[in-house]
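Protein chains: 2
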Amino acid sequence: MTQPALPDSDAPGQAGPHPFDAAIRLSPLGGGRFAGRTSDAYRNMVGPYGGITAAVMLQALLRRPERLGDPVALTVNYAGPVRDGEFEIATREIRTSRSTQHWFAELVQGPEREVSTTATAVFGTRRETWAHVEAMPPALPPRESLVPSRGTSVAPWSARYERRTLDDLDAGEARSWLADVPPRPIDFPGLASLCDAFRPWLFARRPQRTPIGTVTMNVYFHAAADELAAIGATPLQGVARTNAIHRGFFDQEAQLWTPDGRLLATTQQVVWFKE
Amino acid sequence: MTQPALPDSDAPGQAGPHPFDAAIRLSPLGGGRFAGRTSDAYRNMVGPYGGITAAVMLQALLRRPERLGDPVALTVNYAGPVRDGEFEIATREIRTSRSTQHWFAELVQGPEREVSTTATAVFGTRRETWAHVEAMPPALPPRESLVPSRGTSVAPWSARYERRTLDDLDAGEARSWLADVPPRPIDFPGLASLCDAFRPWLFARRPQRTPIGTVTMNVYFHAAADELAAIGATPLQGVARTNAIHRGFFDQEAQLWTPDGRLLATTQQVVWFKE
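From first to last, the protein sequence lines are chains A and B. For the record, in the first sequence the residue sitting at position 129 is 128 according to numbering that gives the first Met the number 0, with numbers rising by one throughout. For the record, in the second sequence the residue sitting at position 84 is 83 according to numbering that gives the first Met the number 0, with numbers rising by one throughout.
Chain A extracted, bound-state conformation (with noise of 0.2 Å):
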C-alpha cells in the first residue's frame, strides 16, 4: 500500500530506529526477565502512555523462546503509576495445549520491586479454518477531509499518532484515521498500543477537563502475524464507543481495521474517572 504523507516536523530523524521500537526495547536477564527503560517520546502527563506499557508488557512475551504461535488475547492491568526510568519485566510461562499458550507477566521498579502493571496473555496456533466476519467497517470519509488532532506538549506521545476523528454524537461513537507517527509497518505490540489512543468519549459526550485514568485494557486479535506482515505502515481505521459512564468508572470499546476492510483487533477498557 501507498506510504502514507504524514507530517514529520518532531519525527526523530531516519538514521536510527522508530521511536517506538526504542520504547519497547528489552533486554534478556535469564529466567524469563527483561530490562526496559521508559521512553520519553511516549510519556504522558504522569508516567508513560497506557498502550506503550501494554506494547512492551506484549514484547516481553513475544521475546520468549518458548513462545507459541501468535497473541490472541491480552490483558493488561494498570495498577499503579510506571515511574521514569528503567523497569523489569517478569513473564511466567502458565501452562501450553497444543492450540494455545496462557502467560502471566508483571512490570516492576525499584529495589521494592513494586509492581506497576500485570498481564495476562494467550497465544494461539493460527490455521486455516472457516472464517466470517461480522462486524462492520466503520463509514469514513477520506484521511485528508479530516483536520488531524493536536497533540500536547504536556502528553509527548499524542505526538506519536496522527488520529483525525469524526465524533458522531448521534451514533455515540467516534470514527477515527489512526496512523503512526513516523509510519511503522504494524505489528502485534504496535497494534496493542494503537488500542490505546482514542480519545475517551466522556471528552465528546461531557467537554469539560476531567481527571482520567485506564485501570484496565483487554485486546484481541483477529490477524495472523503473516497477515499483519503484509499490511505495512497504511494508517488504519478505528471505531470506538463507550456503554456507560457509572459511579466513578466508564468503558470504552473499540476496533481497528485496514482501510481496504479487515478487522485486525477488537478492544475494550475501563477508565477511572474524577468528577
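Please note: incorrect hints may appear among the correct ones.
Copies of the same chain look alike in the list, so a pair counts if it works inside one copy or between any two.
[Claimed, not checked] Derived DMTMM-like pairs: lysine to aspartate or glutamate, alpha-carbon spacing no greater than 25 Å straight-line:
no.	residue 1	residue 2
1	K273	E65
2	K273	D225
3	K273	D166
4	K273	D83
Hints in this document: simulated from the structure, not taken from any laboratory.
Since the structure of chain A is provided, determine the placement of chain B on it from the hints.
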C-alpha cells in the same frame, strides 16, 4: 420485582442452599488460599461450565478481608481443563490505591499444583458521579413469547439457566431472556457466571457440530453492590454478537440488562474452535 414463574422440575428442593451457592462455596486455608470442590450441577461436557469457574475465582477475591469496594473488571483465562473434584484458589493482592485495587488469582489442583485457570480483577470504590448510559437495551419480545432452549444431559449446567433466545441473523446478534434455575438474586458471582451462558454465535451462523472451548473471558461490571442487591431474582435480558471468526478462534461480546433498562455488565470472550 415479581418473582418469576420458572420451571423447577429439576430444581433441587428449597431446603438446602441454591446449587450456585453450593458450587462457589470456599473454605479459607489461610495465606489468601481457599479450598473448593467442583459441582455436578454446573458440569459441562469436560469439567465445569466456564461461567461457574469465573464465579468461584471472583468469589475467592470477594472473600478476602482486604478487599476494597466492588468488582469493576474481571478477566478469567482458561489455561487447561479443571478436573472434577477438589481444587484450591490462591489469591494475591497486587496493589491498592485510594480508589482501585488489583488482584491475581489462580486455580490449582493435585499434588503437582497444576494451574488450570488464572484471573485478574480490578476492584473499585463506587461513588456518585455524573452518569450516562450510551448503549441501548436489546429489543426483546415478552419473555413468555419465546421458547426456552432445551438443555442437554451431557452438559448439566445448561439446566441451571433458563435461556429464551432470538437469533437475529440479519442484525448479527442473539437477544435473550436469561434466568437462574431455580431463581436466585443477582450478585457479582452470578453476573460473572451468566456472562458465559450465551450460546456461541458460531452455531447460529453455521449450524453444525463443532468442538469449541473458551480460552479467555472478560467481564466489566457497571453496577455497584447496592444496585445489584436491589434487583433480586428477576430474569435479565442479554444481547450477544461476534465480531470475527478467523483462523481457529472467534470472539463474542455481550451485554446484560435488567428488564427496566439498566446495564449491569458487558463481557467479551475468545473461543477456540476446531473446524
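Query - Numbers of unmet hints, in rising order - result: Going through the list in order, the structure violates no hint and respects every one.
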